[in-house]
Amino acid sequence: MNVSSWRNEKLSDRLNKILDKNKKTVYISFGSVIRSIDMPEEYK
Numbered sequence: 002m003n004v005s006s007w008r009n010e011k012l013s014d015r016l017n018k019i020l021d022k023n024k025k026t027v028y029i030s031f032g033s034v035i036r037s038i039d040m041p042e043e044y045k
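Add 1 to a position in the sequence shown, counting from 1, and you land on the number used in my numbering.
To be clear, the hints were calculated from the coordinates, so they are not data collected in a lab. Think of the CB as a built atom: it goes at the ideal place given N, C-alpha and C, for glycine as much as any other residue. Errors might be hidden in some of the hints.
Listed next, with one range per pair, are the computed distances between beta-carbon atoms [said to hold, decoys possible]:
(1) GLU42 x ASN9: 30 to 40 Å
(2) LEU12 x VAL34: 29 to 39 Å
(3) LYS11 x GLU42: 12 to 22 Å
(4) ILE35 x GLU10: 24 to 34 Å
(5) GLU43 x ASP14: 26 to 36 Å
Pairs of lysine-lysine residues, derived as BS3-like cross-links and limited to a Cα-Cα distance of at most 27 Å, are as follows [to be verified]:
(6) LYS45 x LYS24
(7) LYS45 x LYS25
(8) LYS25 x LYS11
(9) LYS11 x LYS22
(10) LYS45 x LYS11
(11) LYS22 x LYS45
(12) LYS18 x LYS45
(13) LYS11 x LYS24
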């Protein structure tokens with residue numbers, strides 16, 4: 002995968018409502034590339 006293959010997609014209304022509750026939000030999505038079970042516990 003490379004940057005040129007990425008697509009911009011709109012977030013769902015449900016996710017937008019959650020993110021709009023705060024002034025600043027960091028949303029990280031690794032999609033299916035990285036499984037959360039492989040993530041260190043302190044990052045979860």
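Hints, verified against the model:
no.	hint	verdict
1	GLU42 x ASN9: 30 to 40 Å	32 Å, holds
2	LEU12 x VAL34: 29 to 39 Å	18 Å, violated
3	LYS11 x GLU42: 12 to 22 Å	32 Å, violated
4	ILE35 x GLU10: 24 to 34 Å	18 Å, violated
5	GLU43 x ASP14: 26 to 36 Å	32 Å, holds
6	LYS45 x LYS24	22 Å, holds
7	LYS45 x LYS25	19 Å, holds
8	LYS25 x LYS11	18 Å, holds
9	LYS11 x LYS22	18 Å, holds
10	LYS45 x LYS11	25 Å, holds
11	LYS22 x LYS45	21 Å, holds
12	LYS18 x LYS45	22 Å, holds
13	LYS11 x LYS24	19 Å, holds
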